[in-house]
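Q: Sequence:
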Amino acid sequence: MYFSLLVLTFSFSFVFLYMWGEARNDYNSFDWYSFINLGYWFHWSTFLLFLAVFVFSYLFFLIFISVLLLFESQELELHWCHKHVVLFTLSLSFTGLAVITIFWTRQWHTFYLSFQVTAPFLHVVAIFTMVLLAWPVSLHFFRVRDKVLQVLILTPYLVVLIYLIFVPLGMYSPCIREKGTLGPKPALIGHRGAPMLAPENTEMSFAKTIDHGAIGLETDVTISYDGVPFLMHDHSLKRTTDIERLFPFLRGEDPAYLTWDILEQLNAGKWFLENKPFYHMPPFSAEDEELARNQTIFKLSEFLTLADKANKLVLFDLYRPPRFHPYRNSWITRTLEVLQEESKIKPHLVLWLDNRNRGYVQYKAPKFQHISSAAHTIEHLQKWKIGKLNLDYRRKYAKANITTNLWVVSEPWLYSLAWCYGAESVTTDAVQVLGNVSQPFFFLTPQRYKSIWVTTDLLALFFIPLVFFAHWWKRKKKLQRAARKDSLDEGPSGSSHGNRIAPENVGSYIQ
Numbered sequence: 001m002y003f004s005l006l007v008l009t010f011s012f013s014f015v016f017l018y019m020w021g022e023a024r025n026d027y028n029s030f031d032w033y034s035f036i037n038l039g040y041w042f043h044w045s046t047f048l049l050f051l052a053v054f055v056f057s058y059l060f061f062l063i064f065i066s067v068l069l070l071f072e073s074q075e076l077e078l079h080w081c082h083k084h085v086v087l088f089t090l091s092l093s094f095t096g097l098a099v100i101t102i103f104w105t106r107q108w109h110t111f112y113l114s115f116q117v118t119a120p121f122l123h124v125v126a127i128f129t130m131v132l133l134a135w136p137v138s139l140h141f142f143r144v145r146d147k148v149l150q151v152l153i154l155t156p157y158l159v160v161l162i163y164l165i166f167v168p169l170g171m172y173s174p175c176i177r178e179k180g181t182l183g184p185k186p187a188l189i190g191h192r193g194a195p196m197l198a199p200e201n202t203e204m205s206f207a208k209t210i211d212h213g214a215i216g217l218e219t220d221v222t223i224s225y226d227g228v229p230f231l232m233h234d235h236s237l238k239r240t241t242d243i244e245r246l247f248p249f250l251r252g253e254d255p256a257y258l259t260w261d262i263l264e265q266l267n268a269g270k271w272f273l274e275n276k277p278f279y280h281m282p283p284f285s286a287e288d289e290e291l292a293r294n295q296t297i298f299k300l301s302e303f304l305t306l307a308d309k310a311n312k313l314v315l316f317d318l319y320r321p322p323r324f325h326p327y328r329n330s331w332i333t334r335t336l337e338v339l340q341e342e343s344k345i346k347p348h349l350v351l352w353l354d355n356r357n358r359g360y361v362q363y364k365a366p367k368f369q370h371i372s373s374a375a376h377t378i379e380h381l382q383k384w385k386i387g388k389l390n391l392d393y394r395r396k397y398a399k400a401n402i403t404t405n406l407w408v409v410s411e412p413w414l415y416s417l418a419w420c421y422g423a424e425s426v427t428t429d430a431v432q433v434l435g436n437v438s439q440p441f442f443f444l445t446p447q448r449y450k451s452i453w454v455t456t457d458l459l460a461l462f463f464i465p466l467v468f469f470a471h472w473w474k475r476k477k478k479l480q481r482a483a484r485k486d487s488l489d490e491g492p493s494g495s496s497h498g499n500r501i502a503p504e505n506v507g508s509y510i511q
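For the sequence shown, full-length UniProt numbering begins at 1 and goes up steadily by one.
No lab work stands behind these hints: they were computed from the structure.
Incorrect hints may appear among the rest.
[Stated by the list, open to error] Mimicking BS3-like on lysine-lysine, the simulated pairs with C-alpha atoms at most 27 Å apart in a straight line are:
no., residue 1, residue 2
1, Lys185, Lys309
2, Lys276, Lys238
3, Lys309, Lys388
Throw the hints in and build the complete structure from the sequences for me.
A: As structure tokens, then:
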């Protein structure tokens, strides 16, 4: 019973650990969501990862000990401490998977996507695991005498083994392809700049993005109460400014309701050094720390001037002002004024994303490039002269010369997948990491993968029967020795142990 519970918990724990490990690309979003609901910043995502690794390792140790006990035909008994850990792990894994399924369903798509790059290698690991399992399976198969039990032991093992041997026939991975068919490396667009290297949506952040060779800059635009467009992602200033220190009575206010004379007083960099929004941030020099500490809220006009000077594309989410805001119905007109008159950025550098009043924007600024966040039909895209799509990385679209930019892609394995799929560019938090990726991770030619697959299967088909034969031979010898011993004990007259004379009775017997 305990062994079955261990195996069940270990399986749930492995699935949860694998899923949460592959979700690392979205850890910042998870922590941001937690901040919005809890009111304080903490790396909950990384804490859950460490906890999942710990309990999985703990269970792996228990499974290992349990298998050794089974080898010696010993009954498994768990200490109350181990029982509590097992039940906690089962609850954690089951609850975690249930919460993800209910509240973060799209994370399952990331889970499925990961198999497109890891499946060929997980197949090798699975075959190796089946070879290791051949030892306890064959041991118990030859120990039991009941034919029904033997079938129950062997059948599931053989079914899984046969499935694993032939599963590569139906396996698809875009990174298994000939070298000549691989497209160019996707270009990088900095998501709010370089938020692992500097406070997001600040001048320093975008300067770091430019330094690391990105082709574009992505941001979020809000319009102040007095009509000044500025860069801000949240609908509150609590996370990325010191408004609680300067204006505590305004800390929950929508930034769009504040005037620029208030906004320009706020510090937009100290929070970055105190909270460290990404767990795996690189170390900072003293100069960078000082520069980050003195960042302020960045105007849209200043952002556009920086991009124009560096000849970088700009892409932004434009927030419509809330109700009763003086620019609620003229926010697009005001934004166009900044783009065309105040900054005078080269129009071909602007990737216009907002779908509202697109016809008006095309009339006022015919040289803007138009990009859509929705995968409409080809006819619709062509009608509105949209040549690029800005899609969540979980979606694919490649038709009629419509190029794609995928967001937000920050993990090398996910970037590799986008590369193999032929994405033109990705929006990323990690320009400093992805810029150093020289070729897709897990990239294999079909010939090389076929050789790995066939070699792995052949080795398994050699060692697994060998293990079964060794246990059969050992069992056969053991039975032969037992038979010889029984025949010697019976003696030439066929007498048994029950007819022998005890040593203490020899004398009386002789008399």
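Q: All hints, please: hold or fail.
A: Here's how the hints hold up against the structure:
1. A threshold of 27 Å between alpha carbons decides the hint, and for Lys185 with Lys309 the separation of about 25 Å falls inside it, so the pair holds.
2. With a C-alpha separation of about 15 Å, the suggested pairing of Lys276 with Lys238 holds against the 27 Å cut-off.
3. About 24 Å separates the Cα atoms of Lys309 and Lys388, which keeps this hinted pair within 27 Å; it holds.
The structure fails none of the hints (numbered hints given earlier).
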